[in-house]
Amino acid sequence: MNPTSVSDIIVQEITIKGSADRVFEALTNPDQRVKWWGAEGRFQTTHMESDLRHGGKWMMQGNGMGGKPFQVSGEYRQIERPRLLVFTWLPSWQENALESVVRFELEEKNGITTVRLTHSGLTSETSRISHKGWPQILSWLRSYIEPLV
Amino acid sequence: MVTIGRKKNNTTFRAIADPTRREILNLLRGGAHTVGDIAVNFRTSRPAISKHLRLLRSAGLVVTRKDGTARVCRLNAKPLRAVSTWLREYEAFWGESLHGLKDYIEKTERHREENS
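These protein sequence lines are chains A and B, in that order. Position 118 of the first sequence, counted from 1, bears residue number 198 in the numbering used here, the numbering being contiguous throughout. Position 19 of the second sequence, counted from 1, bears residue number 74 in the numbering used here, the numbering being contiguous throughout.
Chain A on its own, in the form it takes in the complex (with noise of 0.2 angstroms):
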């Protein structure tokens, strides 16, 4: 696992022993996915949707922290199976959210599969006004304004 998140990006990057058409399954089938995506005590998803394929909606439903529900739709944007898969994501969990991209780029080498995992927009999921400036910020505020916090 290694974390980078350069402005409002958030990449990170895992390597997992299987397939990548394997992998593929296990993110765009809905009684796959139910069985993974989650968190012990953190968050749960029960239930989802997910019409595959260019411009169709996907959705996921569960429980947060302290058994509040949340909900995450969005559309398939980009669908190259076993390679890539591109999302928007819209979560139940902001107001006035706009969609932000989940991108997965899946690479298999030797039964190894490397997961690339990219979330970008993120800023625009709390905040109307779209701005050029939002990668600089983020990073601004990361370099400059936490050690004074």
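Any given hint could be a false lead.
What the hints assert, rightly or not - Beta-carbon label-pair distances, calculated as ranges:
1. A:Gly201 x B:Arg129: 31 to 41 angstroms
2. B:Glu164 x A:Met139: 22 to 32 angstroms
3. B:Val90 x A:Asn109: 58 to 68 angstroms
4. A:Arg161 x B:Ala87: 54 to 64 angstroms
What the hints assert, rightly or not - DSS-like mimics (lysine-lysine), calculated; alpha carbons at most 27 angstroms apart, straight line:
5. A:Lys148 x A:Lys115
6. A:Lys115 x B:Lys162
7. A:Lys189 x B:Lys162
8. A:Lys115 x A:Lys97
9. B:Lys106 x B:Lys121
10. B:Lys133 x B:Lys121
11. A:Lys97 x A:Lys189
12. A:Lys137 x A:Lys148
13. A:Lys97 x B:Lys133
As the list claims (entries may be wrong) - Listing some non-contacts, in silico: residues in chain B with all C-beta distances to chain A over 12 angstroms:
14. Ile104
15. Lys121
16. Thr124
17. Glu146
It should be emphasised that the hints constitute simulated quantities derived from the structure, not laboratory data. Backbone N, C-alpha and C define an ideal beta-carbon position, used for all residues, glycine too.
Position chain B relative to chain A; hints supplied.
Just chain B now, with coordinates in the frame of chain A:
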């Protein structure tokens, strides 16, 4: 799950979304400035700067006190913590999700091998 106190943090996000206001914050990082001292650093009119400062004050990012006839502004970076916390929560969320995916695939993969 990733949550954020809505109203308060929206104010923070709005406050830092504007380049002039970020410049003002940058300036104040170097120390307290009077409104006049801030304004001379910008081409923007002084009333416009005052307006930015009002917004920064209402977001709690700038604190002012009177010094004679001048108003001295100081940076208060605390509200910005919410922004970086929110980002870190998202990182944790994806970290946990990807680990869940890895465990799921590798467990079922082993199961398959054992049964074949």
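A quick look at each hint next to the structure:
1. Taking 31 to 41 angstroms as the suggested C-beta distance range, the pair A:Gly201 and B:Arg129 conforms, at roughly 33 angstroms.
2. The supplied range of 22 to 32 angstroms is met by B:Glu164 and A:Met139, whose beta-carbon atoms lie about 28 angstroms from each other.
3. Taking 58 to 68 angstroms as the suggested C-beta distance range, the pair B:Val90 and A:Asn109 conforms, at roughly 60 angstroms.
4. Separation of A:Arg161 from B:Ala87 is about 58 angstroms and conforms to the stated range, judged on CB atoms against 54 to 64 angstroms.
5. The hinted pair formed by A:Lys148 and A:Lys115 meets the criterion: a straight-line CA distance of about 19 angstroms does not exceed 27 angstroms.
6. Between A:Lys115 and B:Lys162 the CA atoms are separated by roughly 12 angstroms; this keeps the pair inside 27 angstroms, and the hint holds.
7. About 19 angstroms separates the Cα atoms of A:Lys189 and B:Lys162, which keeps this hinted pair within 27 angstroms; it holds.
8. A C-alpha spacing of about 18 angstroms is found between A:Lys115 and A:Lys97, which places the hinted pair at or below 27 angstroms, so the restraint holds.
9. Distance hint between B:Lys106 and B:Lys121 is fulfilled; the C-alpha atoms sit about 17 angstroms from each other, no more than 27 angstroms.
10. This hinted pair checks out: B:Lys133 and B:Lys121 have alpha carbons roughly 22 angstroms apart, not beyond 27 angstroms.
11. Distance check on the hinted pair: A:Lys97 and A:Lys189 sit about 10 angstroms apart at the alpha-carbon level, within 27 angstroms; holds.
12. Restraint check for A:Lys137 and A:Lys148: the C-alpha separation of about 23 angstroms stays at or below 27 angstroms, so the hint holds.
13. With a CA separation close to 43 angstroms, the supplied pair A:Lys97 and B:Lys133 exceeds the 27 angstroms bound.
14. Here B:Ile104 stays apart from chain A, with its beta-carbon at least about 18 angstroms from theirs, past the 12 angstroms limit.
15. The claim that B:Lys121 is not at the interface with chain A holds, since no C-beta of that chain comes within 12 angstroms of its own (minimum 24 angstroms).
16. Look at B:Thr124: its CB is around 29 angstroms from the nearest CB on chain A, clear of 12 angstroms, so calling it non-interface holds up.
17. For B:Glu146, the condition that its CB be more than 12 angstroms from all CB atoms of chain A is violated, with the nearest at approximately 5 angstroms.
Of the numbered hints given earlier, the model fails hints 13 and 17; all others are met.
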